[in-house]
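Colleague: In case you want the letters, here they are:
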Amino acid sequence: SQKIEQNSEALNIQEGKTATLTCNYTNYSPAYLQWYRQDPGRGPVFLLLIRENEKEKRKERLKVTFDTTLKQSLFHITASQPADSATYLCALDRAAAGNKLTFGGGTRVLVKP
Amino acid sequence: NAGVTQTPKFQVLKTGQSMTLQCAQDMNHNSMYWYRQDPGMGLRLIYYSASEGTTDKGEVPNGYNVSRLNKREFSLRLESAAPSQTSVYFCASSEATGGRWETQYFGPGTRLLVL
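Those sequence lines, one after another, are chains S and U. With the working numbering applied, the first sequence corresponds to residues 1354 to 1466, in that order. With the working numbering applied, the second sequence corresponds to residues 4 to 118, in that order.
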C-alpha cells in the first residue's frame, strides 16, 4: 500500500542550528511534493513545493530536496528560531488523482532559545 | 480576503445527533476539500469537490455527506454522529486551473467531540 512516513518524534533543536526533517514514501510516483507548516490550533499553511524534476528548492531559510530514487524529501530550516517551532507536514500528489494530496503525519519541531 | 472560513469552531455532540460543518472560501477557487486530522494519523481526505456541481469520495468517506452549494461553499454533514468521528475537521480549497501543482489553502478547523 502507499505510505508516507515522517518522524513522529519531536525534534528538539537549539536556536541557530539547522533542523532537518525527513519525508519518506513508498509505492508512490509523485509528480510533486509539498511542505506545510501547522501551528497548534490552526490549519496547515503552505511553505514550499518541489517538482519531480527538481533536486532542490529554497525559500529564505528553508530548503527542500527531493530524491525520487531514494523516495525521500528532506526539509531544512537553517539558522532556526523559536518562531519556527511548529509541526511540519509533507504531502504528495497521487498519480492520476487530480489535485488531491496525501499527507504524512507530520514532525513537531521545538526550537529552544 | 478572509481566505477559507469554517463554522463552528467547536462542537460537542451526543452519539446519534446530526450536524453540518460549514466552509466558505472567497478566493474564487474551483476545488474544495474536507479533511479530518487525528493524533498520529495526519490529514485524511473525507470528500472533495473538483468543481462546482461535482463531489467525490476521498479516503475516509463513511458516515459523512457533502454538498457543494455553490462555488464558494462546501458543507460536510454527519447524519448520525459516532464517537469515532471525534476529530478536528479542516476545509481547504485550491485554484485547480488544470495543472497538478496545486497548493491548498486551509481553514482554521472545527473541533468536534462526540460523546
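Hints are computed from structural coordinates only; laboratory data are not their basis. Ideal placement from N, C-alpha and C gives every residue a C-beta, glycine not left out. Warning: the hint list may mix true and false statements.
To be verified - Listed below are several chain U residues computed to face chain S (Cβ distance under 7 angstroms; list not exhaustive):
#, residue
1, G43
2, G45
3, L46
4, G66
5, Y67
6, T89
7, F109
8, G110
9, G112
Said to hold, decoys possible - Derived Cβ-Cβ restraints for the label pairs, each shown as a range:
#, chain 1, residue 1, chain 2, residue 2, range
10, U, S83, S, K1370, 48 to 58 angstroms
11, U, T89, S, D1392, 17 to 27 angstroms
12, U, T89, S, T1375, 47 to 57 angstroms
13, U, E98, S, E1407, 30 to 40 angstroms
14, U, G19, S, T1373, 40 to 50 angstroms
Colleague: Next item in the hint list is Y67/U. Is there a CB on chain S closer than 7 angstroms to its CB?
Modeller: violated (16 angstroms)
Colleague: Would the hint on G110/U be counted as holding, given a Cβ-Cβ threshold of 7 angstroms to chain S?
Modeller: holds (5 angstroms)
Colleague: The hint says 30 to 40 angstroms between E98/U and E1407/S; measuring C-beta to C-beta, is that right?
Modeller: violated (21 angstroms)
Colleague: Does G112/U pass the interface hint, meaning its C-beta sits closer than 7 angstroms to a C-beta of chain S?
Modeller: Holds. Min distance 5 angstroms.
Colleague: Determine whether the Cβ-Cβ distance between T89/U and T1375/S falls within the hinted range of 47 to 57 angstroms.
Modeller: violated (30 angstroms)
Colleague: Against chain S, with CB atoms and a cut of 7 angstroms, does the hint on L46/U hold up?
Modeller: At 4 angstroms from the nearest chain S Cβ, L46/U passes the 7 angstroms test, so the hint holds.
Colleague: Have a go at the G45/U hint: is there a Cβ in chain S nearer than 7 angstroms to its own Cβ?
Modeller: holds (4 angstroms)
Colleague: If I claimed the Cβ atoms of S83/U and K1370/S lie 48 to 58 angstroms apart, would that claim hold in this structure?
Modeller: holds (50 angstroms)
Colleague: Are T89/U and chain S close enough, Cβ to Cβ, to be under 7 angstroms, as the hint says?
Modeller: With Cβ-Cβ at 16 angstroms, over 7 angstroms, it is violated.
Colleague: Would the stated hint for F109/U survive a check requiring a Cβ distance to chain S of less than 7 angstroms?
Modeller: holds (3 angstroms)
Colleague: Should the hint that G19/U and T1373/S are 40 to 50 angstroms apart at their CB atoms be regarded as holding?
Modeller: holds (47 angstroms)
Colleague: Okay, T89/U versus D1392/S on CB: inside 17 to 27 angstroms?
Modeller: The hint (17 to 27 angstroms, Cβ to Cβ) holds, given that T89/U and D1392/S are roughly 21 angstroms apart.
Consistency note: the structure conflicts with the earlier hints numbered 4, 5, 6, 12 and 13.
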